[in-house]
Amino acid sequence: MSKVKTGKYSNFRERNRKSQGYLLKKLLMDYGLAFCRFLLLFGMCFLILQPILNKISVSFMSEPDLYNPVVISIPENFTTENYKLAAELMRYKETLVNSLIVSLTIAVLQITVCTLVGYGFARFKFPFKKFWFSCVMLVILIPPQTISSSLHLHFRYFDVLGLFKLIKGETINLRGSALPYYLMSAGCMGLKNGLYIYMIRQFFRNIPKELEEAAYVDGCGMLKTFIKIMLPEAKPILTSCFLFSFVWQWTDGFYSKMFLGNTKLLSTSLARLSDSLGAYIQRITGSATTVAVAYNNCIIATGTLMIVMPLIILYLFAQRGFVESLSSTGIKM
Amino acid sequence: MKKQKNKTAGLQKRQAIAGYLFISPFIVGFLVFMIKPFFQSLYMSFCDVQIGAGSFNPVWQGLTNYVKAFRVDPDFTRLLVEEIARMAVYSLAIMVFSFFVSLILNQKFKGRALVRAIFFLPVILSSGVIIGLETDNALMASLEASIEQTTSGISVTAALENILRTAGIGTRAYEEVFELIDNIYDVAVASGIQIIIFLSGLQTIPQSMYEAADIEGCTKWESLWKITFPMISSLFLVNWIYTIVDFCMRSDNEVIDKISEIMVQQINYGLGSAMAWVYFVIVMVIIGISSLIISKGVYYYE
Numbered sequence: 001m002s003k004v005k006t007g008k009y010s011n012f013r014e015r016n017r018k019s020q021g022y023l024l025k026k027l028l029m030d031y032g033l034a035f036c037r038f039l040l041l042f043g044m045c046f047l048i049l050q051p052i053l054n055k056i057s058v059s060f061m062s063e064p065d066l067y068n069p070v071v072i073s074i075p076e077n078f079t080t081e082n083y084k085l086a087a088e089l090m091r092y093k094e095t096l097v098n099s100l101i102v103s104l105t106i107a108v109l110q111i112t113v114c115t116l117v118g119y120g121f122a123r124f125k126f127p128f129k130k131f132w133f134s135c136v137m138l139v140i141l142i143p144p145q146t147i148s149s150s151l152h153l154h155f156r157y158f159d160v161l162g163l164f165k166l167i168k169g170e171t172i173n174l175r176g177s178a179l180p181y182y183l184m185s186a187g188c189m190g191l192k193n194g195l196y197i198y199m200i201r202q203f204f205r206n207i208p209k210e211l212e213e214a215a216y217v218d219g220c221g222m223l224k225t226f227i228k229i230m231l232p233e234a235k236p237i238l239t240s241c242f243l244f245s246f247v248w249q250w251t252d253g254f255y256s257k258m259f260l261g262n263t264k265l266l267s268t269s270l271a272r273l274s275d276s277l278g279a280y281i282q283r284i285t286g287s288a289t290t291v292a293v294a295y296n297n298c299i300i301a302t303g304t305l306m307i308v309m310p311l312i313i314l315y316l317f318a319q320r321g322f323v324e325s326l327s328s329t330g331i332k333m
Numbered sequence: 001m002k003k004q005k006n007k008t009a010g011l012q013k014r015q016a017i018a019g020y021l022f023i024s025p026f027i028v029g030f031l032v033f034m035i036k037p038f039f040q041s042l043y044m045s046f047c048d049v050q051i052g053a054g055s056f057n058p059v060w061q062g063l064t065n066y067v068k069a070f071r072v073d074p075d076f077t078r079l080l081v082e083e084i085a086r087m088a089v090y091s092l093a094i095m096v097f098s099f100f101v102s103l104i105l106n107q108k109f110k111g112r113a114l115v116r117a118i119f120f121l122p123v124i125l126s127s128g129v130i131i132g133l134e135t136d137n138a139l140m141a142s143l144e145a146s147i148e149q150t151t152s153g154i155s156v157t158a159a160l161e162n163i164l165r166t167a168g169i170g171t172r173a174y175e176e177v178f179e180l181i182d183n184i185y186d187v188a189v190a191s192g193i194q195i196i197i198f199l200s201g202l203q204t205i206p207q208s209m210y211e212a213a214d215i216e217g218c219t220k221w222e223s224l225w226k227i228t229f230p231m232i233s234s235l236f237l238v239n240w241i242y243t244i245v246d247f248c249m250r251s252d253n254e255v256i257d258k259i260s261e262i263m264v265q266q267i268n269y270g271l272g273s274a275m276a277w278v279y280f281v282i283v284m285v286i287i288g289i290s291s292l293i294i295s296k297g298v299y300y301y302e
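Chains as they are written, first to last, in the working numbering: chain A, 1 to 333; chain B, 1 to 302.
None of these hints come from the bench; they were simulated from the model. Among these hints, one or two may not hold up.
The following residues of chain A were derived to be distant from chain B, with all beta-carbon distances above 10 Å [unchecked claim]: (1) Y92; (2) R205; (3) D218; (4) C220; (5) K228; (6) G286.
Facing chain B, according to a computed beta carbon distance under 7 Å, are these residues of chain A, among others [unchecked claim]: (7) C45; (8) V117; (9) Y119; (10) Q145; (11) S150; (12) L151; (13) G187; (14) C188; (15) I313; (16) F317; (17) Q319.
Which bits of chain B does chain A cover? Going by a derived footprint, with three or more residues having C-beta under 8 Å, they are [to be verified]: (18) 22–29; (19) 37–46; (20) 98–112; (21) 265–277.
Bear in mind that the values here come from a model prediction, so they are computed numbers and not experimental data. Cβ atoms here follow ideal geometry from the backbone N, Cα and C, with glycine treated the same way.
In isolation and in its complexed conformation, chain A is listed as follows:
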């Protein structure tokens, strides 16, 4: 019947008249809403992207451009000197390789361990399970800064049950080496590891139990079931957690400063960039001068861009891995 009607009043104006202006009103409302939404989202997207765009334009400016009030976003004297200088100051090649190695190994280690633990919490019944899970919650809640003082000393005078003191007569100093952080990652105490455990557990809980039971009935062991059946199912959440772990490790300042002091990383060298720029200028001019604020910031912006660039490339390719799988976990209390 409706088909007949649309055939009869195919003209929009006629249909509008028949509905006593409702159709036009609705159309206008829809377009108005879409327009408002577009304005709002465009503004907010610009807000988020603007600092990056700003950094990109600043990083190509030569020093006179920074002080030129006419130059706002398009540099007059296009230059790549800033990149060269920042790369030299941060020892970009060395730190990039270091950062890559550390972030990758740490991320792999953390996600492996967190997957095991998350699976254990999701699928097995054992005494004190609630207690241990509340411990996971505690790990999420306790800021690592609270215990950092003690961790400092813990690794400064590292000892396992007094064994080293017995053999060598003194405790060993592990500060500055990367070992403590790998140990901590192996024990699920790295950066935001409680969160990964929580997310992975949540995901495993949503996988139907029948899958596992079928495997058990067919005579598959517990470990084999986990590796052959459950891991392939959990691929999306594992990639997502891996990406997070990698990215947050990449930019992390706290743990890197505390434990990986001797390993030159991108994040720590970026934090020091302003100081090393001062030292560099001093070396060139031969006298102690303060670096101009604008120039300093220009170099820092360049350095930030250089750190972020690998992440942006990663994000472009693995955007789905970040967002979609996270929203499919169905995080709930």
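Please arrange chain B on chain A, whose structure you already have, making use of the hints.
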């Protein structure tokens, strides 16, 4: 019969053993790298820690460090109050912002994937050291000041603020609001994860509920508060806790800066631990009380 029972007991036992094997890395790590340092730092906060060659020995001195933190140190109390106030205001703003943005992003329109990707970008880019660098960007601050001078009063918020001030309505309240609007960038940058969590909640709401409400003559506005809001109210709790915890761990947190400065530069581990504990306890109390209040209002749909 007995045999049967034994068999199930065996399965349960095997389950328990396997479970403990799976979570054993966590237990070991938790005991060694969390519990021990946790209590050690609590103990150290009551001590004067003397660093010697090859060892350190804490000397018990009671509450001295706490008294020092509050009464002797010039900055600590001020920073603490400021930081907590900032946390409260910003966390609220982040909740409201991420809720409404996720509502918008849940609608269907062209380029939705792109917008989502952009909103999620700060999670990756503004983490760790980078956010600390951005906040003390002196160039931007001086630029902003000069722009404000040359274009005095053109800023929309400033003009509005002037009008409201002459109208004389509760000054303090809207000053906070305007500060938030001026710093909307900080809010937007910090709410990436929260938006995703809300979005995942919104997608689980069955469409049939809205249809039923629509047929009953419910407007969109009403169904927002009567359906959407209660259905994802449990996520408010998750997001609230996440926001506060995230705020504590940001690298531009001034209290944390202060603590690490005292520990690393002044090598005063006792005082540093005391300050860290004060901060930690306050944050935990805030999280506890607020999540109790929120969980009272949470509606569980089963």
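Taking the hints in turn, this is what the structure says about them:
no. : hint    : in the structure
1   : Y92     : 15 Å, holds
2   : R205    : 14 Å, holds
3   : D218    : 16 Å, holds
4   : C220    : 13 Å, holds
5   : K228    : 16 Å, holds
6   : G286    : 26 Å, holds
7   : C45     : 5 Å, holds
8   : V117    : 4 Å, holds
9   : Y119    : 6 Å, holds
10  : Q145    : 5 Å, holds
11  : S150    : 4 Å, holds
12  : L151    : 5 Å, holds
13  : G187    : 2 Å, holds
14  : C188    : 5 Å, holds
15  : I313    : 11 Å, violated
16  : F317    : 12 Å, violated
17  : Q319    : 5 Å, holds
18  : 22–29   : holds (count 7)
19  : 37–46   : holds (count 5)
20  : 98–112  : holds (count 4)
21  : 265–277 : holds (count 5)
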